[in-house]
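I would like the entire structure built from these sequences, with the hints used as guidance.
Listed below are the residues making up each chain.
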Amino acid sequence: MEPNLNDIFSSDEKDILQEIMNIAFGNATADLAQVIDIYVVLSVPNIKVIDIGDLPHYIKQNIPSSENTSILQQKFWGEFRGSGILVFPQTSGKDIAGILDDQFSDDGFTLHRQKTEILLEIGNILIGACVGKVSELLGTFVTYSPPHLIVDDSEGHNNLINSFEENQTAIVMKTIFEFENKNINGFLMILTDNESIDWLRHALQNFMESYE
Amino acid sequence: MIFEQIFNMVNVGIVILDRDLNVRQWNRWMETHSKISGNEIIGKSIFHFFPSLDAPWFKRNCKSVLAFGNFSFLSQKLHKYCFPLKPVNTFGIKFDHMQQNCTMGPLRDQTNVVEYIFLMVHDVTEVAAYEQKLIEMNIKDALTGVYNRRYFESRIEEEFERHKRYKRSFSIIMQDIDYFKKINDTYGHQAGDFILKSFSTSVMSRIRAVDIFARYGGEEFCCMLPETELVSALSVAEDIRKRIEHTTFEFKNTPLNITISQGVSEMKPDTSCAESLLKKADDALYEAKRSGRNRVLNK
Chain P
233 MEPNLNDIFS SDEKDILQEI MNIAFGNATA DLAQVIDIYV VLSVPNIKVI
283 DIGDLPHYIK QNIPSSENTS ILQQKFWGEF RGSGILVFPQ TSGKDIAGIL
333 DDQFSDDGFT LHRQKTEILL EIGNILIGAC VGKVSELLGT FVTYSPPHLI
383 VDDSEGHNNL INSFEENQTA IVMKTIFEFE NKNINGFLMI LTDNESIDWL
433 RHALQNFMES YE
Chain F
7 MIFEQIFNMV NVGIVILDRD LNVRQWNRWM ETHSKISGNE IIGKSIFHFF
57 PSLDAPWFKR NCKSVLAFGN FSFLSQKLHK YCFPLKPVNT FGIKFDHMQQ
107 NCTMGPLRDQ TNVVEYIFLM VHDVTEVAAY EQKLIEMNIK DALTGVYNRR
157 YFESRIEEEF ERHKRYKRSF SIIMQDIDYF KKINDTYGHQ AGDFILKSFS
207 TSVMSRIRAV DIFARYGGEE FCCMLPETEL VSALSVAEDI RKRIEHTTFE
257 FKNTPLNITI SQGVSEMKPD TSCAESLLKK ADDALYEAKR SGRNRVLNK
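Protein chains in written order, with our numbering: chain P, 233 to 444; chain F, 7 to 305.
A couple of the hints might just be wrong.
For lysine-lysine, the following DSBU-like pairs were computed, each having C-alpha atoms within a straight-line distance of at most 35 angstroms [as the list claims (entries may be wrong)]:
(1) P:K406 to F:K65
(2) F:K305 to F:K285
(3) F:K86 to P:K307
Taking beta-carbon pairs under 8 angstroms as the criterion, some of the chain P residues facing chain F (in silico) [what the hints assert, rightly or not]:
(4) V267
(5) I357
(6) F373
(7) T375
(8) Y376
Note that these hints are calculated values from the structure, not bench results. Ideal Cβ positions, reconstructed from N, Cα and C, are used throughout, including at glycine.
Right under this line is the structure:
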């Protein structure tokens, strides 16, 4: 059961949020090209409100549990708070290393160890770009915890699911990203915490008023 | 005033850079470990003093702080260190530089615009040393210091996969010390341990750096020779056999002489798995034992 978005947000508010996301992700794309020298295509974000205990199900549905899928999570704090979750399906260490133009070791053992670290660095930049741009438009800024990789097995999935409170209402903003010419894609979700929803509604109003 | 004291008292390196990556603040920790004073470096480009930072990874992270207000976490696992500083203590492991975890983040002006980048440098040499030791304990035999059986088996699997793709030959030698039990029974276990160590040292000094030499169990050892055909592997084994036969190991003024038996096998296109290659070498070793010891045979 998916609660109606209107229960939490008016349709106006929802439109504003969608608009903010569109602008934010557009800005993020432009700046990402500067930062990592690769054009990252971000799809128009899909916004959903997910309620009480439906989150685990949503996560399960949206995150395929399969070999080689890497999931990473990064929490952010401030008036706007929540988690960024990044899912990289089926990518090899070599592909990942290819996103950054650094010189990485060629031998399998070292590369495997480094893959995790490279993923974390890329994830940190991607999540930070999207969350940062949204925050900017909402007139706030956030701080971040270091990102961590979720071990991709059933235990890892459960840990991810359990890291959210049971009766949490979350606004999920989901986007598909693709590194141009690298054949690497995945998706990014920003989940807002229950506590920041009131603040978010307020911030959306302020955003609107600045245009009136 | 108090903040300035904290800035200089904490056991963390703190650097503040402006948008052009010129140094604006340089705390006492940085002065102490880099031997560069604040007076020298403040106002100058960080790259002038640390050219190794003039690299994509560093600039990319600076840009993400400036563009998005990101925090960046530069881990020791990936980067080893940001600033090439002298290690204070290397904890028994050879580190050329202090191992560091660094965090970067934004400092904003009154209108929330990112004006500066702060960098915090944590010395994690001790943790890195422990990790290094754990890795070694996991792959090495405690007594002899050569690789253990588990590591050997994982490497032979890797070599087997490589062979399937690139068809490069490789060989293995199984080795067993003859009448080892007698040494233990006659001279004691300390003498036995001494022989195991001396034998390992002797083999290590004969083989190449790319060869994987491991203690397979008890007095049995194994050597994997990448890119090596049977003929060459046999000649290496024969050379080791002669060396050992002609060496007198001296344990507490008691001269000890040993011989070894060896079985050699080469990876062939029809070898079905890594295990069967080991089995062939083991069979050859058994033959060598049965036919009188102190010899090299192949299968």
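The hints, checked one at a time:
| no. | hint | result |
| --- | --- | --- |
| 1 | P:K406 to F:K65 | holds (29 angstroms) |
| 2 | F:K305 to F:K285 | holds (10 angstroms) |
| 3 | F:K86 to P:K307 | holds (25 angstroms) |
| 4 | V267 | holds (4 angstroms) |
| 5 | I357 | holds (5 angstroms) |
| 6 | F373 | holds (5 angstroms) |
| 7 | T375 | holds (7 angstroms) |
| 8 | Y376 | holds (4 angstroms) |
When each numbered hint is compared with the structure, no violation occurs for any of them.
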